[in-house]
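Q: Start from chain A and add chain B according to the hints.
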Amino acid sequence: MINTLALNVKTATVSTYQILKSSKLTWIGTLIFVIVTLMAVFAPYLTPYDPISQDPLAVLQEPSALHWMGTDSYGRDVWTRMLYGARISLFISVVAVVAAMIIGGALGIVAGYYGGRVDMMIMRVMDIMLSFPTLIMGLIVVAMLGASMTNLVIAIALTVIPKFARVARAPTLSVKKREYIEACYALGYSDIRIMVFHILPNVFGEVLVIGSLWIATAIRIEASLSFIGLGIKPPTPTWGGIIREGFNNFLDAPWIATYAGLAVLVVVFSLNLIGDGVRDAVDPKLRGE
Amino acid sequence: MTEPVFCVKDLSISFKLNGKWCQATQNVNFDLMENETLCIVGESGCGKSITAMSCLGLLPKKKNIHIEGQVLYKGVNLLDLTEKELNDYRGDDLSMIFQEPMTSLNPVLTVGEQITESLLVHKSMTKAQARETGIELLNKVKIPEAEKRFSQYPHQFSGGMRQRVMIAIALACKPTVLFADEPTTALDVTIQAQVLHLLKELRRETKMSMVMITHDMGVVASVADKVLVMYGGQVIENSSCKDLFEAPNHPYTKALLNAIPRPDRHIDHLTSIPGQVPTLAGMPSGCRFSTRCELVSDQCAMTPDVNTVAGQQSHHYRCWNV
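As you go down the protein sequences, you meet chains A and B in turn.
Letter by letter, the first sequence follows residues 1 to 289 of the numbering used here.
Letter by letter, the second sequence follows residues 1 to 322 of the numbering used here.
Chain A extracted, bound-state conformation (with noise of 0.2 Å):
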């Protein structure tokens, strides 16, 4: 009875890793975010100039040999400043979203387990943040702090965190009704140990999938604030103040924000190839469960 038992064990289910891999899409995503982010963190071997440092001779020059995507108005060589540009950009939006994914997904979690006055506190308080678009967030939180880079991420953060806390509490709703957590009270277990260990593992496939397309959405919030000028201040280089920069310059050099604009594009194209492959891989109706 037993040896048969076991026999019936070995029924393989598709992993969320094999669904994954299948998806030539999200390999194609993923390959672009990869590449860009080593462009971004090799930058002084990719290039022989310097991004901040100005050269009069060679003010708005077309892309040529020497200079692969022109120079702006003031000399700097565009390929430079996109490169490091990257990485203040890249680096702005993935600290942002994930200090948003742990706090708010944490806040989500609290609501949804205790649930009551807790909940209705949490979430009106997530909802007031909802009820500002996300530029506007964003434009507030740098307009009442100063425009630094801590304060780009914290605006972008601020943004995005409600997000996180509505998808954390919908399945912890659901979770904490479950047998396995009533289980854990009859064993003793606290609060707090059952919320990090065995409703986390539970909610935490749903937080990353949103945080994945929610990394996009930081890079375009980061280059739009930039953009208006709310980033961070000149001369360092970011995809929006590159884009500012060209703006200025359109008619006479094009390119400048043609390519800056191109890169966002891409990048946040590639991260939602990502985020769309990793919710099907996700997606238990996918998997036949």
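Rather than coming from a laboratory, the hints here were simulated on the basis of the structure.
Owing to the predicted nature of the structure, the values given are computational and were not obtained by experimental measurement.
Each hint should be verified, as a subset may be incorrect.
[Stated by the list, open to error] Pairs of lysine-lysine, DSS-like flavour, derived with a Cα cap of 30 Å:
id, chain 1, residue 1, chain 2, residue 2
1, A, Lys177, B, Lys61
2, B, Lys174, B, Lys142
3, A, Lys177, B, Lys84
4, B, Lys174, A, Lys177
5, A, Lys177, B, Lys62
6, B, Lys61, B, Lys74
7, A, Lys21, B, Lys148
[Unchecked claim] In silico negatives: residues of chain A with every beta carbon more than 10 Å from chain B:
id, residue
8, Ile28
9, Asp55
10, Pro63
11, Tyr74
12, Trp79
13, Val110
14, Ile128
15, Leu135
16, Arg178
17, Ser190
18, Arg193
19, Leu208
20, Thr258
21, Asp276
[What the hints assert, rightly or not] Restraint ranges, calculated between C-beta atoms of paired labels, are given here:
id, chain 1, residue 1, chain 2, residue 2, range
22, B, Pro144, A, Ser22, 31 to 39 Å
23, B, Ser151, A, Ala170, 24 to 32 Å
24, B, Glu83, A, Ile102, 25 to 33 Å
25, B, Lys84, A, Ile52, 54 to 62 Å
26, B, Ser151, A, Tyr45, 37 to 45 Å
We put the CB at the ideal spot given by N, CA and C, even for glycine.
A: Just chain B now, with coordinates in the frame of chain A:
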């Protein structure tokens, strides 16, 4: 006579439903000695599970739930304790097995993680010690290849195996009293027999006491020392297992025993008890079984006293007409 390990005194639980208080259990009493098994039997909704849950303090402390009486474990009234104090008992001295093995294990954690967790929490073991004890426990509940199974996930286990894992988790901290809420209901008959056998064996080894909730008289006959028959939130008969099967007193108990199909009797229809259990809000005054009883008389409009069977100290029932 020795002191009982676990003791429930006049436990009454009421819920507020649509602004009206409804009594889910009324004056439930029982004593549990060391190494003794008590079975609580009754139909769905008769208050068995609620009783077990309040024994572990699992009912939420809310305004719409009112609990009276005492639940004494080694002289401590568990109903007076705070959630934090209760957590020291739960999973350690008092443990519980649930009905649904398929949903009682967390699907995203390995079986090993779930077995060792209570050891880490209650016995402050190191991870290595807990792992060793965990594998030992899996061996004890007769899971083959325990070492390999330890790091597998619940979906790789069958229903019977999961129930064994649940038992292993419940027994991890060597509890004094184990509550089993219909531990075999969701399992098929052969697996059911294995699980019951296992429970009996483990009980003999560890000297723990057990409260088993079930509606299966067959299960009662095979494991119980004492039996509590409940109907509509009341204990209507309470006796040793042997006495109950040999000489049931209450008409409800008799009807329950009659309803078990027997191979030596040839019948066309299964015997059943006519009618349905009244809802909590619509409980008849007087004897609660009176709406379905064959022996019903005028007297049944009054609540019957608890009678003791002559010559049997621990055999009580609640009826006018026996």
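Q: Decide, hint by hint, whether the structure agrees.
A: Hints versus structure:
1. A:Lys177 <-> B:Lys61: holds, 17 Å
2. B:Lys174 <-> B:Lys142: holds, 17 Å
3. A:Lys177 <-> B:Lys84: holds, 21 Å
4. B:Lys174 <-> A:Lys177: holds, 27 Å
5. A:Lys177 <-> B:Lys62: holds, 17 Å
6. B:Lys61 <-> B:Lys74: Given that 30 Å is the threshold and the Cα spacing comes to 23 Å, the pair holds.
7. A:Lys21 <-> B:Lys148: With a Cα-Cα distance of about 27 Å, the restraint between A:Lys21 and B:Lys148 holds, given a limit of 30 Å.
8. Ile28: Since the minimum Cβ distance to chain B is about 30 Å, A:Ile28 lies beyond 10 Å and the statement holds.
9. Asp55: Correct as stated: the minimum Cβ-Cβ distance to chain B is 57 Å, above 10 Å.
10. Pro63: Nearest chain B Cβ is 52 Å from A:Pro63, so the label holds.
11. Tyr74: Non-interface label stands for A:Tyr74: nearest chain B Cβ at 54 Å, farther than 10 Å.
12. Trp79: Per Cβ check, A:Trp79 is outside 10 Å of chain B; nearest 46 Å; holds.
13. Val110: Nearest chain B Cβ is 17 Å from A:Val110, so the label holds.
14. Ile128: The claim holds: A:Ile128 sits with its nearest Cβ about 29 Å from chain B, beyond 10 Å.
15. Leu135: holds, 37 Å
16. Arg178: violated, 6 Å
17. Ser190: Not fine: 6 Å to the nearest Cβ puts A:Ser190 too close to chain B.
18. Arg193: violated, 7 Å
19. Leu208: Since the minimum Cβ distance to chain B is about 13 Å, A:Leu208 lies beyond 10 Å and the statement holds.
20. Thr258: holds, 46 Å
21. Asp276: Given that every Cβ of chain B is farther than 10 Å from that of A:Asp276, nearest at about 23 Å, it holds.
22. B:Pro144 <-> A:Ser22: 31 to 39 Å: For B:Pro144 and A:Ser22 the Cβ distance comes to about 34 Å; the hint holds.
23. B:Ser151 <-> A:Ala170: 24 to 32 Å: holds, 31 Å
24. B:Glu83 <-> A:Ile102: 25 to 33 Å: With a Cβ separation near 27 Å, B:Glu83 and A:Ile102 satisfy 25 to 33 Å, so the hint holds.
25. B:Lys84 <-> A:Ile52: 54 to 62 Å: holds, 58 Å
26. B:Ser151 <-> A:Tyr45: 37 to 45 Å: holds, 43 Å
When held up to the earlier numbered hints, the structure conflicts with 16, 17, 18 and fits the remainder.
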